[in-house]
Amino acid sequence: MKKIIIALMITSLIITEINASIVPFAYVACTGSNTVVVINLNTNTVVKTIPTPFAPYGIAITPNNTFAYITYPNDGAVGVIDLTTNTIVGSPIGVGDTPVNLAVTPNSGYVIVANRNDSTFSIISTATQMNIPGSPFATLLDTPNFVAIAPNGETAYITNADSDSVLPIDIINPLMPIIYSVITIPVVGARMAGIAITSNSDTAYVVDYLSNPSTVVPINNLLTSPTFGSTINLSAGANSPNSALALSPDDLTAYVTINAPSSTTTDSVLISGPTVTPITVGTYPAYVAVLPDGQFVYVTNRSSDTVSVINPYNTVTTTINLSPYAMPQGIAIAQLNITPPNPPASAQGCAMPLLNDLTNIITWTPPASGPAPTAYNIYRDALLTDLIATISATDPLVYEDHHLYPNITYTYYIVSVDGLGVMSTATSVTVTQLCYPAIQPPSSIHGCAMQVGNTVTNIITWTAPASGPTPAEYQIFRDPYLYDLVATVPATPPLQYEDPNLSPSQTYTYYIISVDQYGDVSEPISITVTASCSTPGPSAPTNVIGVIRNNVFLDKTERILTITWTASSSTDVISYNIYNGTTLIANILATAPLTFCTLLVNGDNGQNFSITAVDSNGNESVHVPVTVM
Amino acid sequence: MHIIFKEENVMKKIVCLSLLCITSALHANVEWEAKIRGGAFIPRSSLFRDIYGTVAGNFDGEIAGQFHKYLQAWLNINFALAHGYSLGFCNTTKLWIVNSSLGLKTPFDIKDWLRVYLGLGPTFGAIRIKDESQFTGCTSSTKSSIGFVAKSGIDFFFCTRWFVDIFADYVYQKADFLKDVNASGLRIGAGIGITF
Chain A
1 MKKIIIALMI TSLIITEINA SIVPFAYVAC TGSNTVVVIN LNTNTVVKTI PTPFAPYGIA
61 ITPNNTFAYI TYPNDGAVGV IDLTTNTIVG SPIGVGDTPV NLAVTPNSGY VIVANRNDST
121 FSIISTATQM NIPGSPFATL LDTPNFVAIA PNGETAYITN ADSDSVLPID IINPLMPIIY
181 SVITIPVVGA RMAGIAITSN SDTAYVVDYL SNPSTVVPIN NLLTSPTFGS TINLSAGANS
241 PNSALALSPD DLTAYVTINA PSSTTTDSVL ISGPTVTPIT VGTYPAYVAV LPDGQFVYVT
301 NRSSDTVSVI NPYNTVTTTI NLSPYAMPQG IAIAQLNITP PNPPASAQGC AMPLLNDLTN
361 IITWTPPASG PAPTAYNIYR DALLTDLIAT ISATDPLVYE DHHLYPNITY TYYIVSVDGL
421 GVMSTATSVT VTQLCYPAIQ PPSSIHGCAM QVGNTVTNII TWTAPASGPT PAEYQIFRDP
481 YLYDLVATVP ATPPLQYEDP NLSPSQTYTY YIISVDQYGD VSEPISITVT ASCSTPGPSA
541 PTNVIGVIRN NVFLDKTERI LTITWTASSS TDVISYNIYN GTTLIANILA TAPLTFCTLL
601 VNGDNGQNFS ITAVDSNGNE SVHVPVTVM
Chain B
1 MHIIFKEENV MKKIVCLSLL CITSALHANV EWEAKIRGGA FIPRSSLFRD IYGTVAGNFD
61 GEIAGQFHKY LQAWLNINFA LAHGYSLGFC NTTKLWIVNS SLGLKTPFDI KDWLRVYLGL
121 GPTFGAIRIK DESQFTGCTS STKSSIGFVA KSGIDFFFCT RWFVDIFADY VYQKADFLKD
181 VNASGLRIGA GIGITF
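If you read the sequences in order, they're chains A and B. Under my numbering, the first residue of the first sequence is numbered 1, with each subsequent residue one higher. Under my numbering, the first residue of the second sequence is numbered 1, with each subsequent residue one higher.
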């Protein structure tokens, strides 16, 4: 039984390991806002900010990706960030005066800090998060500046910002560092800034920032007897001790920031050339870091509050805006083992053909297991490059894609995103069906023109759709693009629209659509009115006169419209219909007195009343408007 | 309405004085009289007359106490009923007016058997109108209002305590329905009374 449990645990661990993936993050010290900003380098988005108690400056990450160390120059201390929680842990560790730059040993055991203003360096144990005994250690340097540690872990190198020297320190036993004699650069007036060591630990490249232009000085044979290669002139002079240098993983290219307030340049230095390619980045470039696979280089721009992303072709592909977080300085890259969230468990989509706004509605369900997403990204392409929306996981899991083109099939790709911007694979949905049964257009349409004096009234009638949802109303347009709405008619009989006062010399075309209760619309059905109205019904009544009279009580006065008319000349008329607008309000038998009285309310002037004759077959004559005297 | 409010101030004083007089009379050795009367209500409003006719029935009962040689306090309940037709479509309409009033009047004995009087007092009345429109159906509404009445009359004593009262009163009364209704008019008629 015990073996089975252990086997299951091992299997579980293996599965967890399989599900996890390595995700690169950049940690950027923003001096101006007391924050460390975390950037997901797969998406180049800021995913988290970590408040710091003091203004951070330099930053270094342990190779085992466990801790980040940040310097607080103004407070003589170093802070520690736990990368598993992305929070500051412990109290700031006191070091020397003005710690600026720092580096971590390859075994992740110790952090070496250059204290710029007291000519010392400190060594912090990552196991205890404390200075080792004797730290800080005095140096022979005027101004300790940048720190680099050889990949073999045996030697640390500290550049001197106020002199032409580099200090090697034997750290084979970091608890007992041995300070060697300084390596003096054979350049008159040289001042040292950024430094990097090649992967074989035998060559260092160091920036002489004071020369004009600034230079990169190769120091060869570090493992035996140092010699100096030819200096490489950069594109401009930095005149700042904060010009940083980073090497590509293949040691063939060095990236150097021209650290000056007005500068917008970072140089890409092909060492074998040597060839220097200036790259335009943001303003006041400060620190530089290279992705371990060498695919991208990241430069912090102190005055722009941005990070420039440079590809291997020395092109800035992306600029990451950090605002409102200000004055980015140190940058370091961690590769964290992250278990990404699972994709949405399911996704559905349907189309709503709203008027002039074809809309797809996408819904999905959260992943059934795994880390809880904080958001969902919706893309239009399988490569996940065309992001169209980000929906918070706390909002309804619905996305509406408006103003789409008809006759195009849309596919959406939905990915889960966790709090660090780590994305799942995509769940796709292709919208192929309508959200509701499609509403149909009117099943038939008729129209005729009725001469009224010198104008024409077009009378349009239609019948309800033979199938599908019941329309709530009909909309009538004069153009095929359905922009020129001329009337909205309720879906109650009579399904008729009268367009009065038209020009007799013009031909009119009408487009009618059905509209359901959700606002969905049908395709239009159209008619061009060419025929004159000669209805199969009886002839219309004549002399249709309305007179408004008052019915006066002591306490109120009612306005009464009395309509009288002359009977239709057709012999089979059995009644007359009285309409107010399109609403049938009374049916008067043809044998009754041809008069009708009705109350007028709310200032009604009786102009909307009309009358038709109805024959024994139920056919109606054309409407005859009531002439109100 | 502004005029009515001014009158109301006067009426308030008359009401208070009348109540004071009646209260005093109840505790003093005063002469009381009671009478019932009938007659006609002749509305002042031409619209009223057009709809309900020039004359409506009118009935009232009154009690008065003479607490001074020239002053009587009185309390009157009046009921008037009218029936008519709307103008235009001749739909039936009925009207009821119930009025209560009180005030002071001044009797003058001309002879032992003849007395005239003049009086003034506020009224509080309710007007109810029931219309039977062929278009809106049967509707009725009631409104109340405050007005005043001016009284005059002659009492003929034909027995020691019994007398005949011939009167002419003018009542002022208006109410706000869907439009203003003027229910003012002249009441004339006769009645019989007794003193005790």
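Rather than coming from a laboratory, the hints here were simulated on the basis of the structure. Please note that the accuracy of each hint is not assured.
Stretch by stretch, here's where chain B covers chain A in the computed footprint (C-beta under 8 Å, at least three residues) [stated by the list, open to error]:
#, region
1, 195 to 205
2, 593 to 601
To spell it out: a stretch of chain B is covered by chain A in this simulated footprint if at least three of its residues, at any positions, have a beta carbon under 8 Å from a beta carbon of chain A; those stretches are [said to hold, decoys possible]:
#, region
3, 63 to 73
4, 108 to 115
5, 129 to 140
6, 160 to 170
Keep in mind it's a predicted model, so treat the numbers as computed, not measured. Don't be surprised by glycine CBs; every beta carbon is placed ideally from N, CA and C.
Do the hints match the structure? See the list:
Counting residues of the region 195 to 205 of chain A whose CB falls under 8 Å from any CB of chain B gives 0; the rule of at least 3 is not met. For the region 593 to 601 of chain A, the stated coverage by chain B holds: 3 residues have a C-beta nearer than 8 Å to a C-beta of that chain, and at least 3 were required. Under the rule that three or more residues need a Cβ within less than 8 Å of chain A, the assignment of the region 63 to 73 of chain B is violated, with 0 such residues. Requiring three or more residues with a Cβ within less than 8 Å of a Cβ of chain A, the coverage given for the region 108 to 115 of chain B is violated, as only 0 such residues are present.
Counting residues of the region 129 to 140 of chain B whose CB lies closer than 8 Å to any CB of chain A gives 6, so the stated coverage by that chain holds, three being the minimum. Check on the region 160 to 170 of chain B: 0 of its residues sit with their Cβ under 8 Å from a Cβ of chain A, so the three-residue criterion for coverage is violated.
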